[in-house]
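Trainee: Make the full structure from the sequences, and use the hints.
So the protein sequences, as listed, match chains H and F.
Take UniProt numbering: the final residue in the first sequence is number 355, and no numbers are missing along the way.
Take UniProt numbering: the final residue in the second sequence is number 261, and no numbers are missing along the way.
If you're looking for bench data, these hints aren't it; they were derived computationally from the structure.
To give a feel for the contact side, a few chain F residues facing chain H, derived at Cβ under 7 Å:
no., residue
1, 77
2, 105
3, 157
The calculated SDA-like cross-link candidates involving lysine to any residue, where the alpha carbons are at most 20 Å apart (straight line), are:
no., chain 1, residue 1, chain 2, residue 2
4, F, 117, H, 225
5, F, 72, H, 237
6, F, 114, H, 225
In this text, a Cβ means the ideal position worked out from N, Cα and C, and glycines have one as well.
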Amino acid sequence: MIDLIQTLGSGILVGLVYALLGLCIVIIFKASEAFNFAIGEFLILGSFLFYVLFFNETLPWHRALPLGVLIFLFFSYVFFFDIRARFVIAIPSGLVAGFLIFCVLFFGLNLSSLVSSSLLRFIIALPMGLLAAGFVGSMVERITIKPLLGRSPISMTIITLGLGFFLRGCIQLIWGSHAYPFFLDLPDITMEMGDFLFLSDPIWAGILSLLTFGLVIVFLFRSRWGLAIRATSEDQAKAMAFGINSRFILLIVWAISALCIAVAGIMISNFGALQVGMGYVGLRAIPVVLIGGMDSIGGALIGGIIVGVCESLAGTYIEPMGLIGFKDVAPYILLLIVLFIRPYGLFGTVRIERV
Amino acid sequence: MLSIENLRVVYHDVISVLNGISLGVKDGEVLIIIGANGAGKTTLLRSISGMIEFYDGDIIEGDVKMDGTSIKGLDATDIMKRFDLTYVMEDRPVFWYLTIEENLGAASFSRWDKRVKADMEEVFGYFPVLRSMKGKRAGYASGGEQQMLAIGMALMTKPKILLLDEPSLGLAPLITEELFSIISQLNQTGITIMLVEQNAHAALGIGTRGYVVEMGRIVLDGTAQELLENEDVREFYLGSGKKERKSYKDAKRYKRRKRWL
Numbered sequence: 001m002i003d004l005i006q007t008l009g010s011g012i013l014v015g016l017v018y019a020l021l022g023l024c025i026v027i028i029f030k031a032s033e034a035f036n037f038a039i040g041e042f043l044i045l046g047s048f049l050f051y052v053l054f055f056n057e058t059l060p061w062h063r064a065l066p067l068g069v070l071i072f073l074f075f076s077y078v079f080f081f082d083i084r085a086r087f088v089i090a091i092p093s094g095l096v097a098g099f100l101i102f103c104v105l106f107f108g109l110n111l112s113s114l115v116s117s118s119l120l121r122f123i124i125a126l127p128m129g130l131l132a133a134g135f136v137g138s139m140v141e142r143i144t145i146k147p148l149l150g151r152s153p154i155s156m157t158i159i160t161l162g163l164g165f166f167l168r169g170c171i172q173l174i175w176g177s178h179a180y181p182f183f184l185d186l187p188d189i190t191m192e193m194g195d196f197l198f199l200s201d202p203i204w205a206g207i208l209s210l211l212t213f214g215l216v217i218v219f220l221f222r223s224r225w226g227l228a229i230r231a232t233s234e235d236q237a238k239a240m241a242f243g244i245n246s247r248f249i250l251l252i253v254w255a256i257s258a259l260c261i262a263v264a265g266i267m268i269s270n271f272g273a274l275q276v277g278m279g280y281v282g283l284r285a286i287p288v289v290l291i292g293g294m295d296s297i298g299g300a301l302i303g304g305i306i307v308g309v310c311e312s313l314a315g316t317y318i319e320p321m322g323l324i325g326f327k328d329v330a331p332y333i334l335l336l337i338v339l340f341i342r343p344y345g346l347f348g349t350v351r352i353e354r355v
Numbered sequence: 001m002l003s004i005e006n007l008r009v010v011y012h013d014v015i016s017v018l019n020g021i022s023l024g025v026k027d028g029e030v031l032i033i034i035g036a037n038g039a040g041k042t043t044l045l046r047s048i049s050g051m052i053e054f055y056d057g058d059i060i061e062g063d064v065k066m067d068g069t070s071i072k073g074l075d076a077t078d079i080m081k082r083f084d085l086t087y088v089m090e091d092r093p094v095f096w097y098l099t100i101e102e103n104l105g106a107a108s109f110s111r112w113d114k115r116v117k118a119d120m121e122e123v124f125g126y127f128p129v130l131r132s133m134k135g136k137r138a139g140y141a142s143g144g145e146q147q148m149l150a151i152g153m154a155l156m157t158k159p160k161i162l163l164l165d166e167p168s169l170g171l172a173p174l175i176t177e178e179l180f181s182i183i184s185q186l187n188q189t190g191i192t193i194m195l196v197e198q199n200a201h202a203a204l205g206i207g208t209r210g211y212v213v214e215m216g217r218i219v220l221d222g223t224a225q226e227l228l229e230n231e232d233v234r235e236f237y238l239g240s241g242k243k244e245r246k247s248y249k250d251a252k253r254y255k256r257r258k259r260w261l
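Mentor: Written as C-alpha cells, this is what we have:
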C-alpha cells in the first residue's frame with residue numbers, strides 16, 4: 001500500500017511535467033493543425049539557453065558571432081514587417097538585440113558574481129531563459145511555418161520533422177554533445193512523512209509545471225490576446241477577415257509553446273544532466289496528447305498525469321519482474337488501448353452538430 | 001468611394017476567374033452584385049478585402065482604389081484598420097467554439113478600447129435575439145442567428161464599407177427579409193454596403209444600384225429598379241420572364257445569350 005501511494009505520488013509529479021509538454025503540442029495543433037515533432041529539440045534548446053544564463057557558460061567568438069548576427073536579422077525583420085516600425089527604428093533595435101545576445105554568449109552573464117543566493121539567481125535567470133526560448137520559437141516559426149500559412153497542415157508537420165534534425169545539428173555544433181552537469185540548487189522541500197518520501201526535485205518540477213500550465217490557461221481564456229488566439233485556432237481565414245492578424249498570432253503561439261517546453265526541459269534536466277541525447281524525452285508528449293485528445297487542453301493535463309502514473313506503476317511493479325525498460329514502453333501500450341476505445345483520445349473535441 | 005479598375009484575378013496561376021472587371025461603389029449606397037455560381041462574385045470581394053492571397057489567388061492586372069489610394073496587395077488586417085472596410089465571408093463566418101459574446105469580442109480585437117462593451121450593447125440592440133443567448137456557443141445557434149452574429153461581428157469592427165457575401169445563404173425567406181431590413185437600417189446609419197446575392201429579388205428590393213456579373217465581367221448595370229424590370233434579369237435571376245412554357249432542351253443547349261451588351 002505504501003509502495004502504491006509512493007508510486008502514484010511520484011507518477012503524478014512527473015506527469016505534470018509531461019502535461020506541460022502535451023500542452024505545448026496541443027496549442028500548436030489547435031492553432032495550425034500541425035504536430036510539432038521538433039518538441040524534443042525545442043526542449044534541449046530551451047534548457048541550453050537557460051543553462052547559458054544560469055551557469056555562466058560562455059562560447060568562443062566564432063560560435064557567438066553568427067548567433068548574434070542571426071538575432072540581428074530576425075529582430076530587424078520582425079520589427080519591420082510585423083510591428084511595422086520604420087526602417088530607422090527597426091535596424092538599430094535589431095542591432096541592439098543582436099549585440100546584447102552576442103555579449104551574453106561571448107562574455108557570459110556572470111549572474112553568480114552579482115547575486116549570491118541561488119534561488120534569486122534562478123528567479124532572475126528563468127524569465128530570461130524562457131524569453132530567449134520564446135524568441136527562438138518565434139524565429140523558427142517565422143522562417144519555417146509562416147510561408148506555409150494557408151497550406152496543408154501535413155506540410156507543416158513534415159517541416160517540423162526536418163526542423164528537429166536541423167535544430168539538433170545546430171545544438172551539437174554550438175554546445176557539443178557531451179553532458180553538462182545541471183544542478184539548480186533550489187531550496188530543499190523534500191517531503192518525508194512517515195514511510196513516504198518525495199524528493200525535492202520532482203516536487204519543484206511538479207509545482208513549476210502546474211504553475212506554467214495555469215498561467216497559459218489564464219492567458220488563453222482570460223485575456224484579449226488569448227481570445228484572438230482561440231479565434232485564430234478555429235479558422236485562420238475568418239480571423240483574418242475580422243481583423244485578427246493570423247500570422248502574428250501564430251508567431252505568438254509558437255513563442256508560448258517554446259517557452260513552456262523550455263520550462264519542462266529545465267525541470268527534466270534538473271533530474272539528471274543536460275545533453276543533446278535527452279531530446280527523446282520530448283517524444284513522451286505523443287502518448288500524452290493522443291491519450292488526452294489532440295485538441296483538448298484539459299486532456300493534456302489528464303493525459304500527462306495518466307502517462308506519468310502509468311510509467312511509474314510499470315517501473316515499480318512490472319520492471320522488478322525482469323522486464324527492464326518496460327517503463328518506457330508502458331505509456332505506448334496504454335496509448336494503443338485508449339485509441340482502440342476512443343480514436344479521438346479521451347477528451348478530443350466532440351464536433352459541434354447543429355440541430 | 002471604392003473603385004475597382006479592370007481587375008483580373010487568377011487562382012493557382014491557371015484558373016482565371018475575374019477577367020477585367022470594373023465598377024465603383026459610391027459612398028452611402030447599397031450596391032447589389034448578382035450573378036450565377038462561378039461568376040466571380042466571391043473572388044471580387046476577396047480581392048477587394050485583401051483575402052485573395054490567402055486563397056492562393058493573384059491580382060495580375062488592374063487596381064483596387066479607396067478614395068484614390070490603391071489598396072491592392074495590402075494585408076486584410078491593414079485594409080480593415082486603415083480603410084474601415086470589413087468583409088463578411090459567405091457561409092456565416094462565426095467562430096463555432098467561442099460563445100457569442102466572445103465572438104463579438106474577437107471581432108473587436110483590432111480596435112480594443114473602453115467602448116467595446118457599449119458597441120456590444122449596440123449590436124444587441126440591432127439583434128435582440130443574440131442578447132438572450134450570449135453565453136452560448138455560436139456553433140449551437142441556428143443559421144439565422146449565426147448570420148446575425150456574423151453581421152454583428154462586422155459591426156464591432158466599426159466599418160464604413162461593409163462587404164456582405166450572400167447573407168441569405170441557407171436561410172428561410174422570413175429570416176432573409178428580417179436580415180435585409182436590418183441591412184438597409186445599417187445603410188441609413190451611413191455604412192456603405194456592397195451586397196453579393198443569389199436571392200436577386202430580395203436584394204434588389206433594398207439596393208440602390210446593381211451589377212450583373214458573368215464569367216468575371218460586368219455584363220449589365222443600372223439602378224436596382226431598372227434591373228428588376230430588365231427582361232433578361234427577370235428571366236435568368238428572378239425566374240419570372242415570359243409566361244409561356246419553355247423547353248428544357250433550349251436551356252440545356254446553351255441557347256441563352258451569353259453576352260448581353
